[in-house]
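Residue numbers (our numbering): 829 to 1450.
Since the hints were made in silico from the structure, they are not lab data. One or more of the hints may lead you astray.
Taking lysine to aspartate or glutamate pairs in the DMTMM-like style, the calculated list, with each CA pair at most 25 Å apart, reads [stated by the list, open to error]:
no. : residue 1 : residue 2
1   : K1019     : D906
2   : K1374     : D1390
3   : K1019     : D892
Across the chosen pairs, the derived CB separations fall in these ranges [said to hold, decoys possible]:
no. : residue 1 : residue 2 : range
4   : P1286     : P1419     : 58 to 66 Å
5   : A1152     : Q1094     : 45 to 53 Å
6   : G1096     : P1392     : 54 to 62 Å
7   : E1053     : A1446     : 54 to 62 Å
8   : S1426     : I1184     : 15 to 23 Å
9   : P1117     : P894      : 26 to 34 Å
Glycine is no exception: its CB is placed at the ideal position from the N, C-alpha and C atoms.
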Amino acid sequence: MSMHPPARPRPVLGGLIIRLVALLAAAVIAGLIAGLMALPFIGGAGVTARNVVQNFERLPETMDTPPLPQRSQILASDGSVIATLFYQNRVEIPLQSVSPVMRQATVAIEDSRYLDHNGVDVRGALRAVASNTRSGDVQQGASTLTMQYVKNVLVNEATNADELEAARGQSPVRKLREVRYALALERRYTKPEILERYLNIVYFGSGAYGVEAAAKRYFSKTAAELTLSESATLAGIVQQPTAFDPIRNPDRSAKRRDVVLARMAQLGYITKGEAAQAALIPMQVLIKPTAVPNGCTTSYAPFFCDYVLQTIRTDPAFGDTPEAREAFLRRGGYTVRTTLSPLAQRGAFDAVTDAIPIDDESRRAAAITMMEPGTGNILAMTQNREWGTSGQGMTTYNYNTDRAHGGTIGMQAGSTFKVFTLAAALESGISPAEYISSPSPNTFERFTNCETGASFGPITVRNSTGQGTFDMARATAFSVNTYFMAIEERTGLCRPAEIAESMGVFLGSGGPLLRVPSFTLGSMEVTPLAMANAYATFAAHGLYCKPRSILEIRDRDNRSLDVPDEDCTQVISQDVADGVTALLTGVIDGPITGRTGSAMSLADRPAAGKTGTTNESAAVWF
């Protein structure tokens, strides 16, 4: 199917004639826009014409056509879509992926002489001058499809109000510039190439930029699948995207569609019968809209999605400034494949909301982060909240992450911090078989400051699980506070904190951990992400891997970008790590009755972990 009516041969013009025509067109169009409809060809007319030509010659001949803003996608590890991000909802496609009837409808209504001119339609300009002179108003324009493309590029590239006004304003200078650039573009690109660029840049209303996004927005299909009636509808929108929006104004849109169909029939693209048949379809029946959510808000993993965005926003690898990184996200047309496992994510969300529903009247918060030991990959990140600010059960704070990544200062970790004291104790040679008297209450007087050596003075601690003499396995299973204070007194305060920090645990506010006696009792606020990764380090035999959320990034041309690889370091010996893991299995399974983690048993699968509860159960961990 041709883009051009069957019997309209294209004239061939020599270079000199093209130049003369261009200058004439420049004068005509500049005069039209300036309101000089009846410019007399005497006196000042020569001055005006000379000024127009001089201004035309001084304008740059070439125009940059940088890549268009395209939407980016955040994908799960299996390639499924988590979220779409865009400044302009656009998907660039080649002209071959646009249905022929859509190409014809566009040319018919926007520039029927598109294949007959060289970027400036002098005949059309003169016709517009005559029509506007008769009416006393500007009722017909002289912009060709190429000139419209130029205007769209200039609007798109405007970086401030002055540039935007220069691109949109009704001035002779603007028209001269469009003419100059249009002529240059016609020499640089073929007609199909210019039409392809036009169809990808133009705005079709309802947030849809380019024909592919418009086809999806209004008809839930690709541009290649557009029918005659659908194509005429889209082509008709461009003149006034709001007025002819088929969702908001179906009646006006239908009338405009019928104008396009009639013009197509008049030009011979279709028959009158085909036009009449296409016009019979009610607009309410024709449209089948699909909204494309912008951002993480409606994602099934909004808080993980936001974590990915925060990671990009804070990484200089994705731009020198925050503004450049934001442009990377919303303009670049990138595909970001993440570490998220949809299966793990849905399982984690079900678990956390089953425990504490989103609309729970207590307003208690719950969060889960799942890490893959040995890689740092975040498999799931969720909480019992929906993304938003407008009601109960909604928040934009990520309870799993620190402030630097859109989260909070964290929560007191409770007895989950005892693992770091265990690691320091095993490392220092304290035997798991050694029995230590652990009365409740018990007072400790030998803690000293790591830096100054000054004494902390007497500190009294109580148990919540009885008292007596315990070996390391039973003390861990029962989470005996005075036992852990006793071995922390022997290891000193420095090494347990160093081990925790080597595994990525810092205050949720961003600072280092405090070297204080209450360290082993988990008195400091930390995040679920940090703690999950620390425990994953024990599972990985002492190999710490920095948290990772991004596996791969590809640009709009499917080229792979550099992303951080797995970043892993052996931070404690395998023997120490495996020793801690063995002790943690006894918290969940085994012969010790009354252990604190028995409810977490997986029965037929080995499991290791540690419970943690702060005063009055303000925070409860596993």
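Hint by hint, here is what the structure shows:
1. Straight-line distance between C-alpha atoms of K1019 and D906 comes to about 40 Å, which puts the hinted pair past the 25 Å bound.
2. Of the pairs offered as hints, the one joining K1374 and D1390 holds, with about 17 Å between alpha carbons and a cut-off of 25 Å not exceeded.
3. Restraint check: the Cα-Cα separation between K1019 and D892 comes to about 18 Å, which is no more than 25 Å; the hinted pair holds.
4. At roughly 37 Å, the beta-carbon separation of P1286 and P1419 lies outside the given 58 to 66 Å, and the hint is violated.
5. In this structure the supplied range 45 to 53 Å holds for A1152 paired with Q1094, their Cβ-Cβ distance being about 49 Å.
6. G1096 and P1392 have their C-beta atoms about 58 Å apart, which keeps the hinted 54 to 62 Å range intact.
7. The hinted range of 54 to 62 Å is satisfied by E1053 and A1446, whose Cβ atoms lie roughly 57 Å apart.
8. About 21 Å separates the C-beta atoms of S1426 and I1184, a value consistent with the hinted range of 15 to 23 Å.
9. Under the hint 26 to 34 Å, the C-beta atoms of P1117 and P894, about 31 Å apart, fit the expected range.
Hints 1, 4, counting from the list given before, are not met by this structure.
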